[in-house]
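Under this note's numbering, residues 22 to 815 are what the sequence shown spells out, in order.
What the hints contain is simulated information worked out from the structure, not anything from laboratory work. Please note: incorrect hints may appear among the correct ones.
With a straight-line Cα cutoff of 35 Å, these simulated DSBU-like cross-link-like pairs (lysine-lysine) come out [to be verified]:
1. K194 x K434
2. K529 x K569
3. K505 x K529
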Amino acid sequence: MFLSSVSYGQTKHFVKQTASGAGTGLGSWANAAGAAQLQGIIAGAASGDTVWVAMGVYHPTTYPAGFTGGTTTRDYAFALTNGVAVYGGFAGNETYLSQRNVSLYVTSLSGDIGVAGVITDNCYHVIATYNVTTTAILDGFKIDSGYANGGASISDGGQTFSQSEGAGICDMKSQPTLANCTFVANQATSEGGAIYFNNCNALPITNCTFTTNTAGGNGGAISKETSSPITFTNCSFTGNQTTVAAGTTGGGAIYSASGSNDVITNCTFTNNKSANAYGGALFYNGTSTLTMSHCMFTQNNAGTYGAGLADIGGTSFTVSNCNFNNNAALYGGGIYSNGGSSTYAYDTLANNTATSTTGAGGGGFYVDGTNPIISHCWFDANVTNGGNGAGQYDNGSASPTDSNTVFQANIAKGTTSNGGGYYHTGGTGFFVNDVFVDNACAVNGGAYYNNSSQPVENCTFYNNTAGTGDHGGGYYDVGGSGIKFYNNILWNNAPDNFYSLGAAGSMKLKYNNFPEAASYPVGGSVVGNIHQTPPFYNTGSYVGADGKWATLDDGLHLTTAADSGGVDAVPPSGTNGSYGWPGDDIVGTYRADPGKDSADMGAYEDGIIPLPLSLVQFTAVPASEGGAIDLSWSVTAGGAVTRFQVTRSTDGIIFQTIASELADPNQDTYQYVDNTAPDGVLYYRLVMTYAGGTTGYSAVLEVTRTSLAASVQIRPNLVEQRSTTLYVGGVKQAGQVMIHAVDLMGRTWINHPITLTLGDNYTLLDLGDMPRGVYYLVITGANGWRRVLPFEKE
22 MFLSSVSYGQ
32 TKHFVKQTAS
42 GAGTGLGSWA
52 NAAGAAQLQG
62 IIAGAASGDT
72 VWVAMGVYHP
82 TTYPAGFTGG
92 TTTRDYAFAL
102 TNGVAVYGGF
112 AGNETYLSQR
122 NVSLYVTSLS
132 GDIGVAGVIT
142 DNCYHVIATY
152 NVTTTAILDG
162 FKIDSGYANG
172 GASISDGGQT
182 FSQSEGAGIC
192 DMKSQPTLAN
202 CTFVANQATS
212 EGGAIYFNNC
222 NALPITNCTF
232 TTNTAGGNGG
242 AISKETSSPI
252 TFTNCSFTGN
262 QTTVAAGTTG
272 GGAIYSASGS
282 NDVITNCTFT
292 NNKSANAYGG
302 ALFYNGTSTL
312 TMSHCMFTQN
322 NAGTYGAGLA
332 DIGGTSFTVS
342 NCNFNNNAAL
352 YGGGIYSNGG
362 SSTYAYDTLA
372 NNTATSTTGA
382 GGGGFYVDGT
392 NPIISHCWFD
402 ANVTNGGNGA
412 GQYDNGSASP
422 TDSNTVFQAN
432 IAKGTTSNGG
442 GYYHTGGTGF
452 FVNDVFVDNA
462 CAVNGGAYYN
472 NSSQPVENCT
482 FYNNTAGTGD
492 HGGGYYDVGG
502 SGIKFYNNIL
512 WNNAPDNFYS
522 LGAAGSMKLK
532 YNNFPEAASY
542 PVGGSVVGNI
552 HQTPPFYNTG
562 SYVGADGKWA
572 TLDDGLHLTT
582 AADSGGVDAV
592 PPSGTNGSYG
602 WPGDDIVGTY
612 RADPGKDSAD
622 MGAYEDGIIP
632 LPLSLVQFTA
642 VPASEGGAID
652 LSWSVTAGGA
662 VTRFQVTRST
672 DGIIFQTIAS
682 ELADPNQDTY
692 QYVDNTAPDG
702 VLYYRLVMTY
712 AGGTTGYSAV
722 LEVTRTSLAA
732 SVQIRPNLVE
742 QRSTTLYVGG
752 VKQAGQVMIH
762 AVDLMGRTWI
772 NHPITLTLGD
782 NYTLLDLGDM
792 PRGVYYLVIT
802 GANGWRRVLP
812 FEKE
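Turn these sequences into a full structure, and let the hints steer you where they fit.
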């Protein structure tokens, strides 16, 4: 028998527009309380209770409990209670939480308490919270029509709530859990149209929508002050706006001041606007950290900097797998960064515009005196209307590192604009394994405009265009403090491929391939450059049949004729760390060891050939036990192979090396066990490096890993008795697992090991005296395998 560690009561309260039966809200919908009782029921509920609210519109009817200073009905507001979960989205006849439909049965908490549709008599705050924790839950509501335009305040516990901040929710020193909520048409004359957070601890906002909220100050939808870290998951922000005056202000969707440590995942930002200032969608102002992934920014607009994302003083940002498309700002149409050393990886910046008519631009990205690390990104079709740097613009002491990144079809359109793909002045940084194609500008530097000693290494410049009568279709150097330009390919750029105003003694121009020899000085550190047609794979299709950059069928790959074609680079002096070539190319293909032999010029190594089956047999199968993947291969090429790499991917596109082994000329079979493979569909590819430096690839193998068990269920998951059955089917590894049952407040009711045998297992779970409510059963295996199952006890 499983014993609960703690025993709690749990009461379910029911509220409808019109009271029914006894009207107490207890027992069932038949005794539901009326709309006017909602606020009192939330305040009077005990920790562990839930409140179910049927569809309809509910208005605040009194001052929040404990608040003082209210002088008008406009100070009325709902408040949340620790340990109480308030759920909306019910028709009013459900018996289980899982039966509600938030989208169909809209449950609104509205500030429209006066004349319907007249905003000037609405509540200052629809909800006001003070000193609540994540156990205070609001789930499944529409929060609308708050109008925070007052000049006074109310207070609770010494905390002041301004009547001009947080029209939807004004949140002080609190961390409520917000889920499945919609914030619509809330307005604040100061901060936070939908929500204002001040000095709050970490809190989650999940599956929420913010639409047409406005603020006269920072944060059209959300304003966060003084260390208010939030985790946003699966949220959308559409049509929110701040009209705050120009300055270090803004944030059409979200404004965040110093001290935040936010996480934003799978969110969309569309048509948000900072009319006069920073951050059409997001503005982070001050020392903060941000981890953001898989987000979409579309049609946002900023009056000054950063229509998608603007950052001033950020300590550490990590932005990955995000898409910034069709945004516009005066500077930095997609992103503006004036913060610390941030990381951007696998991001797309496309069709963004810098509207400035002269000087600075940055249609895609404006880097202002910072040192971001930009890798595996795509800058496509960004535009400056008159400024410089349509793809990326660097200013001041900016020293970015751009690697494995593509700049394509970016255009600096103004009559005085330079740097179609990229414009750099000031700091240093480093460019490596990058591709520049089809970029253009009106003056100098169709692909790349440089005014510093920034190193550029193993990049490919093809079909870029500078202005007629100007220079540097591929690369233009204004005569900075000594360029370092190694192992690059520049071809078919107009009116010329490479042009430098620098003196030979100040530059290091080594082992590059471009047609003309007259546009750069000879002597000094200008050595080893060649002028031979590169053996590109297919210039008519840059991305190949798969439609993706940085994959094996890219058109600017070099064919196996590269060696005889003369595009191998003799290494510059020093090693990889001091401007030898990178260890891999833009696809991830291994290059020859830096400092030895030679590697190909440009962003791609040659040899895009699958390994013939007569040479290699490569297999990947799930292990019989433990959830590992067994890989094996046989080689008949003998000593011609010098190195093997096992690479793994979860999408079949981006492969990461998980093992590397030197070849033994006396060995023809090899094995590797992948003990770190995640669950799901996996792709494996074997990479072989030959003695001559060429690289071969196996066919990609697909394998599905399901560790420990194939199926886990609770039968039934609606439990009306003292027990239910846990089914764990298809167990592949016998052993002990831990099971935990927790309620919505995070309290543990079951904490006990069970032993599984191979095959199907049925275990009777004794739920004892657990009260009615929703629970989660968490099953954890010794090898990290984990399943979470919801169930409800009646």
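Margin query: Hint compliance check: list the failing hint numbers for this structure, sorted ascending.
Written below: 1
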